[in-house]
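Novice: Listed below, chain by chain, are the residues.
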Amino acid sequence: TQLLEQSPQFLSIQEGENLTVYCNSSSVFSSLQWYRQEPGEGPVLLVTVVTGGEVKKLKRLTFQFGDARKDSSLHITAAQTGDTGLYLCAGGRGKIIFGKGTRLHILP
Amino acid sequence: GAGVSQSPSNKVTEKGKDVELRCDPISGHTALYWYRQSLGQGLEFLIYFQGNSAPDKSGLPSDRFSAERTGGSVSTLTIQRTQQEDSAVYLCASSPRGGGLTITEAFFGQGTRLTVV
Chain A
1 TQLLEQSPQF LSIQEGENLT VYCNSSSVFS SLQWYRQEPG EGPVLLVTVV
51 TGGEVKKLKR LTFQFGDARK DSSLHITAAQ TGDTGLYLCA GGRGKIIFGK
101 GTRLHILP
Chain B
1 GAGVSQSPSN KVTEKGKDVE LRCDPISGHT ALYWYRQSLG QGLEFLIYFQ
51 GNSAPDKSGL PSDRFSAERT GGSVSTLTIQ RTQQEDSAVY LCASSPRGGG
101 LTITEAFFGQ GTRLTVV
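Protein chains in written order, with my numbering: chain A, 1 to 108; chain B, 1 to 117.
What the hints contain is simulated information worked out from the structure, not anything from laboratory work.
Owing to the predicted nature of the structure, the values given are computational and were not obtained by experimental measurement.
Label-pair ranges, simulated between beta-carbon atoms:
1) A:Pro39 / B:Val12: 14 to 24 Å
2) B:Val117 / A:Ala68: 40 to 50 Å
3) A:Pro108 / B:Thr115: 26 to 36 Å
4) B:Ser62 / A:Pro39: 20 to 30 Å
C-beta atoms are modelled at their ideal positions from N, C-alpha and C, and glycine is treated no differently.
Start from the sequences and build out the full structure, keeping to the hints where you can.
Specialist: Next up, the structure:
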């Protein structure tokens, strides 16, 4: 059974700080996705990483896929209050499974 | 509509009653997924459809849960004899295709909040 573990579970930091959250598995994934979910809404896709070692940037967000394609990280530079939300990693073949997420709260 | 539509948005039901949750996916999307999200938690996979077939229904918690999809479009998730532990947000997502090596983007509806009293 493929499982995705995310850490930390919760993170609360001041606006302007940098942070990194992680997504790990004992299984190899052909691709991984990161989604962000805001209260009362469904998750929205941020990025898909496909190649081992791949790095993708989306403004202040940097996503990395591990060389062995078992893990991924999301780094946010100079966090803003608008970054607050639940960050979920996802992967799978056929069905898409999700990790339990990192709940990020950026303090003004 | 342009996005995934779920109905009802909220449902309060008495313990022991049956409920039906509906999902209208994006037109042309062949893959459809159902998830359950308890308060403050991540997404628990329930079932996945490719067309009208369900290659993976391993996440359905018990035989009280069932789902079907007709015409490669609308899907209904049915919960029989509801229990209080069934209270959660039920999310539906659709994707242009499924089953490949690279997962495609899943587009989510806003969910149905089910409360069993």
